[in-house]
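Visitor: One-letter residues, chain by chain:
Number of protein chains: 2
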Amino acid sequence: MEEKTGTGIVTLNFDETIPGVVYIDQTLLPGEYLECIASDIETLCRAIRRLEIRGAPALGIAGGYGMALGALLSKHTEYAAFKDEMDEIRLILRATRPTAVNLFYGIDRVHGLISTLCEEPVHIIKAAMLAAANAIAEEDVLTCHAIGEHGLTLFPSEHHTTVLTHCNAGALACKEWGTALGVIRSAALAGRSVSVYSCETRPLLQGARLTTWELLHDNIDVILITDSMAAFLMQQQKIDLVVVGADRITSDAVFNKIGTYTHAITAQYHHIPFYIAAPLSTFDEQARAADIIIEERSPSEVLCIGGKDGVAIAPPDVSVYNPAFDATPHSLISGIITEHGIVVLPRDIPKITAWRG
Amino acid sequence: MEEKTGTGIVTLNFDETIPGVVYIDQTLLPGEYLECIASDIETLCRAIRRLEIRGAPALGIAGGYGMALGALLSKHTEYAAFKDEMDEIRLILRATRPTAVNLFYGIDRVHGLISTLCEEPVHIIKAAMLAAANAIAEEDVLTCHAIGEHGLTLFPSEHHTTVLTHCNAGALACKEWGTALGVIRSAALAGRSVSVYSCETRPLLQGARLTTWELLHDNIDVILITDSMAAFLMQQQKIDLVVVGADRITSDAVFNKIGTYTHAITAQYHHIPFYIAAPLSTFDEQARAADIIIEERSPSEVLCIGGKDGVAIAPPDVSVYNPAFDATPHSLISGIITEHGIVVLPRDIPKITAWRG
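Chains A and B supply the protein sequences, listed in that same order. Going by the working numbering, 341 is the number at position 341 of the first sequence; the sequence numbering is gapless. Going by the working numbering, 423 is the number at position 66 of the second sequence; the sequence numbering is gapless.
Keep in mind the hints are simulated off the structure, nothing from the lab. Warning: the hint list may mix true and false statements.
[Stated by the list, open to error] Here are a few chain B residues that sit away from chain A, every Cβ distance over 10 Å (derived from the structure):
no.	residue
1	D372
2	Y436
3	A489
4	T518
5	D575
[Claimed, not checked] Here chain B is said to cover these stretches of chain A; the calculated rule only asks that three of the stretch's residues, wherever they fall, bring their Cβ under 8 Å from a Cβ of chain B:
no.	stretch
6	207-215
7	320-329
[What the hints assert, rightly or not] Incomplete in silico selection of chain A near chain B, CB under 10 Å:
no.	residue
8	L189
9	A190
10	I293
11	I294
12	I305
By construction, the Cβ of each residue, glycine as well, lies at the ideal position given by its N, Cα and C atoms.
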């Protein structure tokens with residue numbers, strides 16, 4: 001039996017003594033569980049680009065940790081030189097992935113202290129940056145549990161609920177607990193009867209590899225399907241609720257892993273509630289969908305399973321289109337489960353803005 | 358330049374001299390092009406079950422060839438014993454796969470001659486069965502070209518058309534030319550400007566492996582996507598038309614490869630025409646969807662890419678649901694392209710019945 005307040009999975013951590021970011025390499029799961037250490041910015045950036053660390057909230061934490069790591073590694077004791085170096089690291093970290101806003105939030109929250117504390121000696125600024133990075137991680141845990149508490153109200157206590165989810169918005173996408181899977185965990189913890197269909201989530205199979213692994217770890221019933229089977233299950237009335245995560249929420253759309261939009265359309269067609277679970281740090285409610293860059297990734301992710309040296313599944317010379325995310329309009333979304341409560345956009349944008357303070 | 362009346366791909370053939378069914382092993386494509394020979398019923402049945410031969414029209418041809426092979430191999434010269442053996446082979450062949458009606462059509466058309474010709478000596482019946490099996494194959498070629506001619510009317514001559522297709526309803530699903538891909542081939546041959554997005558079609562990747570291979574072979578522009586990307590392309594107005602094949606068409610639904618139903622819902626959501634290309638042998642218009650058995654296949658197809666010895670993509674102990682087909686209601690379908698013309702069901706059921714004679 002796992003401890004009631006956690007899953008036992010800790011996705012990433014900051015170790016001050018190294019210093020470095022300790023993380024589970026998610027490209028190796030479920031075959032291998034390996035904790036790695038990124039003790040320089042270049043290694044951390046590569047881990048983010050290669051999706052060894054992935055998931056919007058986890059990217060926010062990694063961004064904060066990255067700035068803290070850069071600060072601790074800095075040899076500069078003079079403010080101007082220190083700030084110049086940190087400005088550069090900020091840009092390097094921001095360039096790793098374009099879509100998830102949490103990454104930028106984490107980086108900028110820690111980086112922002114440099115200007116705020118410009119009157120302080122550099123060693124004080126460094127300590128404050130480390131504290132802020134750790135605070136982001138600690139807040140993420142509390143946030144996920146709060147999202148879970150709000151989300152479990154969607155699960156009736158009197159009968160079983162079967163949830164469909166896509167990709168991995170779980171402990172592995174956060175510090176621990178998770179957003180979409182956090183809702184499911186909180187519901188299970190509160191005694192609700194719940195089971196999960198996990199969409200495999202091509203091309204990188206985060207659902208097949210990570211979500212199933214997490215739910216098996218927590219003894220929550222899970223059945224794996226291909227992404228193309230979800231609508232058929234909905235037609236058979238086997239899905240009561242869809243809950244997924246998000247990478248960025250603009251005033252007009254939710255950006256999440258490619259395939260989310262499809263599930264949202266088919267859920268509406270079958271009158272099945274479709275919820276997003278995401279912390280406020282995912283909201284970018286002043287932006288519009290058209291402003292957001294959707295990351296296009298390498299054709300090799302589609303052409304080969306298990307990386308470039310994996311199994312080829314298509315002629316090597318065929319053209320490929322590989323967008324990593326899609327944009328689901330708010331009209332298809334029943335609600336967004338945040339740490340403050342469930343909201344509907346664009347109606348509740350003022351509420352979100354007020355909560356952000 | 359390919360010959361104008363064919364693709365150069367011949368998916369299966371009957372060789373009387375062996376005797377045996379000569380076929381391309383489609384489980385090995387695109388990595389390896391291998392022609393195999395099934396010279397006994399057991400080998401042929403295994404080839405069908407393992408999807409070495411697949412695609413509804415090709416299964417019809419294989420069913421007919423199977424009955425002819427059984428007849429030619431039979432040692433019986435006395436009618437009653439011959440018929441008993443053929444009845445048994447009929448049941449064995451019919452048990453290979455449950456969903457595609459063409460398989461049963463091919464088997465029963467050839468088997469039916471045994472009763473029709475009960476007054477004739479067995480060697481005459483055998484010759485008639487072989488002729489009928491070959492006729493099914495020859496008719497399939499003509500049928501595909503006729504489907505293509507009717508289908509190309511959906512492609513305007515004045516501008517480019519981008520087609521989305523799912524699975525493989527191509528030469529490899531027929532004797533040659535194809536149904537959905539036959540429409541695309543006929544449009545290209547008639548000088549229409551056309552390009553294709555091919556959905557990879559998890560779990561068995563017939564789109565990634567076979568459709569891309571066929572279209573590259575014919576120099577038709579093709580871009581490979583995962584199944585989950587189709588709706589996003591529709592949202593971006595990158596898809597003008599969806600054309601797919603079918604495994605069985607009842608009075609209320611079209612059965613086709615799992616994922617078809619999803620594309621039909623998302624196409625309707627985006628007001629994109631959604632067509633089925635299928636010969637009359639695919640129609641089972643007296644049946645209803647609820648009567649049809651949808652084949653559930655092995656979890657290993659979802660859990661491992663490239664067969665049981667391939668790459669594992671999920672924890673080996675996770676539960677899997679793996680239906681091979683789904684049922685799309687006619688309300689989502691713009692029309693069905695047959696060899697006699699384009700029909701809309703249930704409105705045109707009397708027309709279909711009349712054409713069947």
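Visitor: Decide, hint by hint, whether the structure agrees.
Guide: These are the hints, each one checked on the structure:
1. D372: Its Cβ never comes within 10 Å of chain A, the nearest being 29 Å, so this holds.
2. Y436: At roughly 46 Å from the nearest Cβ of chain A, Y436/B sits farther out than 10 Å, so the non-interface label holds.
3. A489: With a cut-off of 10 Å, A489/B remains clear of chain A, as the shortest Cβ separation is near 36 Å.
4. T518: holds, 17 Å
5. D575: Given that every Cβ of chain A is farther than 10 Å from that of D575/B, nearest at about 13 Å, it holds.
6. 207-215: As far as the stretch 207-215 of chain A goes, the hint holds, because 4 residues have Cβ atoms under 8 Å from chain B.
7. 320-329: Held - the stretch 320-329 of chain A has 6 residues with a Cβ nearer than 8 Å to chain B, which meets the minimum of three.
8. L189: violated, 21 Å
9. A190: Interface hint status for A190/A: violated (24 Å vs cutoff 10 Å).
10. I293: violated, 14 Å
11. I294: holds, 9 Å
12. I305: holds, 4 Å
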